[in-house]
Amino acid sequence: MAAELQLAAAEGRRVAPGDAETAAFAVRGMTVSYGPKPAVFSVDMTVPEGSMTAVIGPNGAGKSTLLKAALGLQTPLAGRATAFGQPVTDVRDRIAYVPQRASVDWGFPTRVIDVVAMGLYREMGLLGRFGARLKARAADAIARVGMAEFADRQIGQLSGGQQQRVFLARALAQDADLYLLDEPFAGVDAATEKAIIAVLKELKARGKTVVAVHHDLSTVTEYFDRVVLLNVRKIAEGAVGEAFTADTLRAAYGGRLAAADLPGAVHAI
Amino acid sequence: MLFEALTLGLGYNASLVTLGAAALGMAAGVTGTFLYLRKRALVSDAISHATLPGIAAAFMLAVALGGDGRGLPVLLLGSAVSAALGLLAVQWLASRTRLTEDAAIGAVLSVFFGFGVVLLTVIQTLSTGRQAGLEDFLLGATAGMLRSEALLIAVGGLVTLAIVVVLRRPMLMTAFDPSHASAMGVNLTRTDIAMMGLVMAVTVVGLKIVGLILIVALLIIPPVAARFWSDRADRVVLLAGVVGGVAGWVGAAFSATAADLPTGPMIVLAAFALFCLSFLLAPGRGLMAAALRAASFRTRVHLRQGLLAIANDQPIYETLTLRLLARRGLALPDGVPTEAGRAAAARARLDEERWAIVRADPSLELAAARYDGLTPLEDVLTVDQISEIDARRPAPEALA
Ligand SMILES: Nc1ncnc2c1ncn2[C@@H]1O[C@H](COP(=O)(O)OP(=O)(O)OP(=O)(O)O)[C@@H](O)[C@H]1O
Ligand SMILES: [Mg+2]
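Chains as they are written, first to last, in numbering that gives the first Met the number 0: chain A, 0 to 268; chain B, 0 to 399.
Be a bit skeptical, because a hint or two may be false.
[What the hints assert, rightly or not] Not close to chain A: a few residues of chain B, all C-beta gaps over 12 Å, as computed:
#1 Leu119
#2 Arg146
#3 Thr381
[To be verified] Partial list, derived from the structure: chain B residues whose beta carbon lies under 7 Å from chain A:
#4 Met172
#5 Asp230
#6 Arg231
#7 Ala232
#8 Ala294
#9 Phe296
Source of the hints: derived by calculation from the structure; they are not laboratory data. Backbone N, C-alpha and C define an ideal beta-carbon position, used for all residues, glycine too.
Kindly produce the complete structure, drawing on both the sequences and the hints.
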């Protein structure tokens with residue numbers, strides 16, 4: 000079964016664009032399956048350095064799976080992922096990942112500052128000290144998401160949106176070059192969303208690359224410069240103006256999308 | 000006698016046993032914290048029960064080979080092998096069959112333990128002359144323990160501690176958020192194997208002192224007790240080590256005072272006593288602190304409500320509110336406010352109005368987050384900020 004899928008994946012995909020070498024993040028021929036049905040099928044994706052890319056698609060489209068497989072958290076049937084021209088596993092220091100609405104134990108004995116310090120693990124290693132320099136970096140990351148007041152709180156004593164910001168801070172502390180964010184705006188209020196997007200735009204301004212799974216079609220144009228539309232297969236990819244159209248959205252979401260949700264309508268407002 | 004035991008005054012061997020028990024308790028508490036945070040406590044119960052057939056088989060094998068069969072290293076080796084088999088069996092059942100982990104644990108625990116009991120019975124009927132005292136491994140016994148054995152246990156405990164120090168970060172990250180840990184390059188499988196390996200080491204090392212039935216308690220009670228004292232994982236780990244160490248020390252000393260007191264239950268009871276103390280007395284999360292906090296909170300709520308009612312000329316019906324106001328001289332027992340009561344009421348209302356402005360201003364989000372209807376704004380903002388807010392209040396005459 001697995002072999003069949005692998006074969007299909009190999010045959011089915013077109014020759015990959017050759018720019019994986021220079022891209023900040025590139026996925027080639029990625030096929031992932033949890034059972035007999037692939038969740039992600041032969042997906043190619045190329046993210047240029049310094050861009051902000053939205054990964055869009057309906058629930059169950061395989062967006063999270065694609066990110067997880069690219070990071071090696073899920074073993075793909077076929078395909079590979081590179082960052083800055085090297086296998087992802089070789090450049091972990093340069094990649095920060097924020098999982099989808101982390102399903103952690105909120106009663107865990109850990110404060111905001113401790114969670115953010117986990118983003119510094121690659122630098123601390125097993126026995127390195129969490130010294131003044133690293134502490135300052137963690138504090139700075141917390142301040143950037145507006146959580147300075149809460150640094151010493153146990154994480155269970157935060158609201159959902161505040162918890163989301165803590166996980167973003169953990170990624171910021173890492174000071175990576177590529178940020179893979181799985182629905183950073185899920186369950187946050189409008190003010191927090193503004194704060195988060197400001198942080199992401201600042202990353203982009205500093206030449207960092209951001210890839211975010213995003214669900215709110217009405218803000219795609221405002222927040223991102225590139226999109227990847229996904230529904231098991233890749234539907235479209237490119238600059239927002241070209242790839243994010245009524246046609247591609249219909250292809251990704253099927254008939255389930257009201258006309259008012261389509262980009263044409265958004266632009267008309 | 001107890002005093003001598005606690006202060007290592009019962010001679011060299013007894014002292015060594017007490018120290019060994021303390022080292023073991025520390026290792027168990029520290030290791031157990033990671034187990035507890037990773038939510039694998041029950042797996043360790045399966046592991047410990049799975050040691051029994053290994054002990055018995057190692058004894059039989061040693062006797063068959065013409066040895067004594069009672070040498071601790073041989074028995075511990077046997078227990079480690081069958082504990083590992085038990086762990087593998089749990090993992091295999093949980094991942095390859097439709098059994099859930101708790102069912103797998105139940106199955107492995109009972110089958111291995113049952114098999115071990117059968118082997119023990121066989122040993123008893125076969126070699127009546129050389130009763131090996133293998134039953135001591137069930138509940139732990141330190142009477143007649145050899146010096147070398149105590150030393151082995153103490154060293155085993157300390158080595159385990161050292162390994163924990165090295166692996167604490169990956170183990171904590173794995174326990175807290177496995178996907179993130181993995182994305183940071185932590186190898187989840189290896190970390191989990193290392194953690195279970197440490198648990199197995201503590202179990203095996205602790206067999207002689209605590210016994211296989213109760214070792215899980217020594218792994219779990221210390222972190223649960225420590226959790227009451229801190230919200231920081233590193234401190235919980237340290238405190239659990241302290242709780243385990245003290246429990247080992249006190250328990251071993253107690254059991255040394257009477258010939259037939261099994262060591263394991265004494266140590267576990269000592270740990271449980273420390274748990275009760277933590278549960279009752281810990282500041283913050285302890286029962287008493289929580290009760291005190293709740294009472295003081297209720298008082299503040301009632302006072303505030305009463306004052307706001309006075310400010311708005313509303314009647315007060317709650318008897319508790321009336322009593323609290325009267326006790327503080329803010330109102331007469333029938334609810335008529337005193338002079339001081341009116342002044343306090345005006346202040347309360349002013350505070351509410353200021354808070355309303357703060358909460359509507361997005362630039363004051365951080366301060367607004369501290370609104371609970373009770374904290375005076377003076378505690379949150381500076382005098383300058385407050386006068387700036389007062390300037391925004393619509394009707395200054397309300398100040399009067
Ligand atoms: N651990 C798992 N085991 C089995 N199937 C899974 C698992 N995780 C995801 N799936 C399946 O794979 C498909 C893709 O899931 P994925 O989580 O990647 O979707 P998604 O695009 O991120 O959706 P959402 O918008 O809801 O987050 C779904 O059909 C889902 O049911
Ligand atoms: Mg998802």
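Each hint, compared with the structure:
no.	hint	in the structure
1	Leu119	40 Å, holds
2	Arg146	34 Å, holds
3	Thr381	15 Å, holds
4	Met172	5 Å, holds
5	Asp230	4 Å, holds
6	Arg231	6 Å, holds
7	Ala232	5 Å, holds
8	Ala294	21 Å, violated
9	Phe296	16 Å, violated
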